[in-house]
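Protein sequence lines correspond, in order, to chains A and B. The opening residue of the first sequence carries number 1 in the numbering used here; numbering runs sequentially from there. The opening residue of the second sequence carries number 1001 in the numbering used here; numbering runs sequentially from there.
It should be emphasised that the hints constitute simulated quantities derived from the structure, not laboratory data. Certain hints may be false.
Unchecked claim - Below are the DSS-like pairs computed for lysine-lysine, each with C-alpha atoms no more than 27 Å apart in a straight line:
(1) K1055(B) x K99(A)
(2) K99(A) x K1014(B)
(3) K99(A) x K1064(B)
(4) K99(A) x K1020(B)
Claimed, not checked - Listed next, the stretches of chain A that the computed footprint assigns to chain B, with coverage defined by at least 3 CB atoms under 8 Å from CB atoms of chain B:
(5) 19-32
(6) 101-107
As the list claims (entries may be wrong) - The following label-pair restraints were derived from C-beta to C-beta distances:
(7) S1083(B) x V55(A): 48 to 54 Å
(8) G52(A) x T1112(B): 48 to 54 Å
(9) T1082(B) x G52(A): 41 to 47 Å
We put the CB at the ideal spot given by N, CA and C, even for glycine.
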Amino acid sequence: TQLLEQSPQFLSIQEGENLTVYCNSSSVFSSLQWYRQEPGEGPVLLVTVVTGGEVKKLKRLTFQFGDARKDSSLHITAAQPGDTGLYLCAGPQMDSSYKLIFGSGTRLLVRP
Amino acid sequence: GAVVSQHPSWVICKSGTSVKIECRSLDFQATTMFWYRQFPKQSLMLMATSNEGSKATYEQGVEKDKFLINHASLTLSTLTVTSAHPEDSSFYICSALFYEQYFGPGTRLTVT
């Protein structure tokens, strides 16, 4: 069974601080995606990483895919209150690349 | 582009009644749509895959007679929660597949 575990589950930080969220699995994934979800809304895709060791940057957000394609991280530099939300990693299921498995989620609160 | 809408955004119904949730792809056609369920402070759990013109496929543990899915056109899938009970109260999110999954804004269902 493919599982994606995220840590930490909850993070409360002050504006301006840096943070890293982790997404780990014992399974190899062909790709991993990161989403951000705000309360009462659907998830919004931030990035897709495909190649082992790949690093992608989206403004203050840096995403990395592990060399073995079993893990990924999201690093936010100088967090802002607008970064508050639920961060979810997701990867395609082994038996169907169209179906996604979502990680357990990391709830981030950035205090002004 | 690639916008997905859901209707209603929230609904309250009495125990024992049925409620229908619509998922529409507004600017593209989708032969495949997905229905997810999300409990408070938890991640998304895939319930079923909706295929246009054919029967939906349900994930293990999801009652197909309780959660009826109809994908009658390339832009519309509906989820009907039949004989709803308080434990069916949840946030239901759909997505439409167009190279990647595009998520709707979700529907909050409260069963009293």
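Under the constraints set out in the numbered hints, which ones does this structure not fulfil?
Of the numbered hints given earlier, those the structure breaks are 2, 5, listed in rising order.
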